[in-house]
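Chains as they are written, first to last, in my numbering: chain A, 1 to 278; chain B, 279 to 537; chain C, 538 to 844.
I should point out that these hints are in silico values taken from the structure, not numbers from a laboratory.
Mixed in with the good hints there might be a few duds.
Stated by the list, open to error - Label pairs and their in silico Cβ distance ranges:
id: 1; chain 1: C; residue 1: L730; chain 2: A; residue 2: W273; range: 40 to 48 angstroms
id: 2; chain 1: A; residue 1: H259; chain 2: C; residue 2: L567; range: 38 to 46 angstroms
id: 3; chain 1: B; residue 1: A351; chain 2: A; residue 2: V266; range: 40 to 48 angstroms
id: 4; chain 1: A; residue 1: D270; chain 2: C; residue 2: V594; range: 32 to 40 angstroms
id: 5; chain 1: B; residue 1: A533; chain 2: A; residue 2: H202; range: 21 to 29 angstroms
id: 6; chain 1: C; residue 1: R562; chain 2: B; residue 2: D299; range: 45 to 53 angstroms
id: 7; chain 1: B; residue 1: A514; chain 2: C; residue 2: L730; range: 39 to 47 angstroms
A virtual CB, placed ideally from N, CA and C, is assigned to each residue, including glycine.
Residue strings, one per chain:
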Amino acid sequence: MDKSPILDVEKLNIRFNTPVGEVHAVRDVSFTMGREKLAIVGESGSGKSQTGRAILGLTPGKVTADKLAFRGQSLLGLNAQQWREIRGKRIAMVMQDPKYSLNPVMTIGDQLLEAARGIKEGAEARQHALGMLASVRIRDPERVYRAWPHELSGGMGQRAMIAMMLMAEPELLIADEPTSALDVTVRLQVLAILDDLVKTRHMGLIFISHDLNLVRTFCDRVLVMYAGQVLERLNAGELEQAKHPYTRGLLACPPEIDHRRQRLPVLQRDPSWMEPVQ
Amino acid sequence: MTMIEIENLSISFGHGADRVDAVKSVSFSVAPGESYGLVGESGSGKSTILRALAGLNPFWSGHMAIAGQKLTAKRPRELRRLVQMVFQDPFGSLHPKHTVDRILSEPLTIHGFDDVEMRVRAALERVGLGPAFRFRYPHQLSGGQRQRVAIARALILEPKVVLLDEPTSALDVSIQAEVLNLLTDLRQHLGLTYVLVSHDLGVVAHMCARLSIMRTGEVVEIASADDLSEGRLLHAYSRQLLVASRGYDTQAIAAFGDF
Amino acid sequence: MTDWAIAATPPRWRKWLLAETPQSRLQARLSRAYLSWVAFARNPLGMLGLVIVAILVFLALFAPWVAPHNPLAGDLGNRLMPPGGTHWLGTDSQGRDIWSRIVFGSRTTLLIIFMVAITAAPMGIIIGASAGYVGGKTEAVLMRLTDAFLAFPKLVLALAFAAALGPGIENAVLAIALTSWPPYARIARAETLTVRSTDYVAAARLSGASDVRILFGHIMPMCMPSLIVRVSLDMAGIILIAAGLGFLGLGVAPPQPEWGAMVSEGRNQILEQWWVCTYPGIAISIVSLGFNLIGDGLRDVLDPREG
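Only chain A is shown next, with the shape it has when bound in the complex (with noise of 0.2 angstroms):
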């Protein structure tokens, strides 16, 4: 299997212009990943989901960095054709809530076959959107292909955008918050679908969430991110170790079932966690 990254970050930069001034909204953030589960977690505004958009060239911020490569190909400042031949084909995405994720005026089987054209055609296309559905566990394929998106349940919706990302068979799957707006048990369904579909394709997933005691579960590795940097990267399984307050605090703050405690920690900010990492 290959081991090598198939995506390298070197001082990735996204700025922003507000009537206020510029907004740094990702500061020299660096990490390579191979075919694994990366998580890259943080609070509102600490830049995660803008980090996820720029690989895919979706972020409407100015994108700087000394380097942006997928499988050896820069990123950095290709035109749209380009494009067109990289998101959905070779990375793809999947977003919070399907609600507005999906085409509401069209069929989940319209969506899938648009998902693959160019790849594949007619009968070929509609026997391999069956199979994506089927491999997103979904029982009654056929219903769910006719169906529209409304008449679909939050996590039979998210197992359709992922099966529809998946359409042209794709490296990398970024996702944005997959299951923030879904049950805790379907949430957990869809993860094993999502963790199922990466091994046996041999896809690199960055998931994108704010819950750390959920990526620590699901992932391999971490990058904890604050107001832009990468404060902290971790494998999962140590995150016991952490040594930066701020994800010390982060796993110390959320209310614990087994462990309960009076009174919650309190993140207390640090104003050199704005500083620039060294």
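Position chains B and C relative to chain A; hints supplied.
Coordinates of chains B and C only, in the frame set by chain A:
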């Protein structure tokens, strides 16, 4: 005496073929000063119960009483001083065109208080917001600050019961800790009774002494927070919920049943 | 790069208006209005519209001082003089100075616009918001009433009212207002349907607010942005209808100057003495354009999706 008494509460929407029974004959009671939890996934009916208790939905059947007063479809104004609510979405529960001052003083004006200014300032202080926030608009506040204003608004009429509808679901985890601590402190200092609705077992275990686990409009199990933390749940669905809250575990997921 | 509007504000005011923590209700409101102004000022076309309307207001206010000649009486010996000399835009068939009549006519135009706006808009918003909030039979009745008025072509209905009520500026205003309110009712109802199910309205109900308080204090303010944009864009149409009425002799009574009537008077001389009807026509076009540009600019600022 019980503070909140609910017996055989049923709520349905729509008619005929489109009829949805959101709440099916639910009963529970809450003692004064207690914090009671309603846990469930989406469609369980927990928020529907809360809204009916708040008086936002007049179409219910059964028996509901707060502080001994029987509730009817119509709510007299005085009852507003008894029970208040904090909503889930901090972005949607404050009027975008009203300042914090207006949001807090309006309930006071409606009920004819004269020391409005002093009460507004006291309310802001109580939730940890300084006077600097008084004339800001909601879009100038962060999520956590908005939720604090929502809490201040809920407390400004000095209610005995506060209904909390997923009060921290939309907040970052570090802000959630601050807001939950604030709610705990307020309950102790002001002797309030809470009914907290959440899908997050961790939040409910932290905030509540007793809870009802709900599924598709019915109460599946009533448990104490201790039962939760020691894993002493009886119903299979409750146990599944508890396991799911612990995080990703392939074997556990494989064992999930369809309820 | 700062906005020119911010740079143009005196520093002391700027600091007060941009304060992060306003100290009073007034400061909060003015600060918000100021930021909307700054956003509007970014749009050059919107600013152009504003300049045009500002000129209109200026002319209307200072007409007696701006106009070089008497708009009501003319020298018959000077009739139908071409533009030039003391009569910048020429004279009409009764020897009256056209420029002076345009300047004084701006008062009529402005008055009509203002009167229509303050009658039609509140009428529309109250009917629409009430319909949307109360629902049920009331809503059905009110909206069918709205549909009925909406179905009539504006100019024809205005004509009918004006013909029935007689000529005169008050009747013209009434006629136009009666045909202008339906779209506002529709907009208000649509916004109300969205707003009434929000949590902040639920919170207001929980506080014990009466329906009237909710309707006027919570719901109508949310209808305002869409409505303001729509009214601005409608101004152009209102001016044209007023001009149309004037053209047909159903507006202001002569010899009062009114742009539409002036165009009508110049009809017979359109080929040889073109200036008599052309200049008032240009005035109508420019002012309509001005309001259109303001409306577009406002739409960008008052994003209806705000909040």
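* To do: Mind listing which of the numbered hints don't hold for this structure, in increasing order?
  => Hint check: 2 and 4 fail, others pass.
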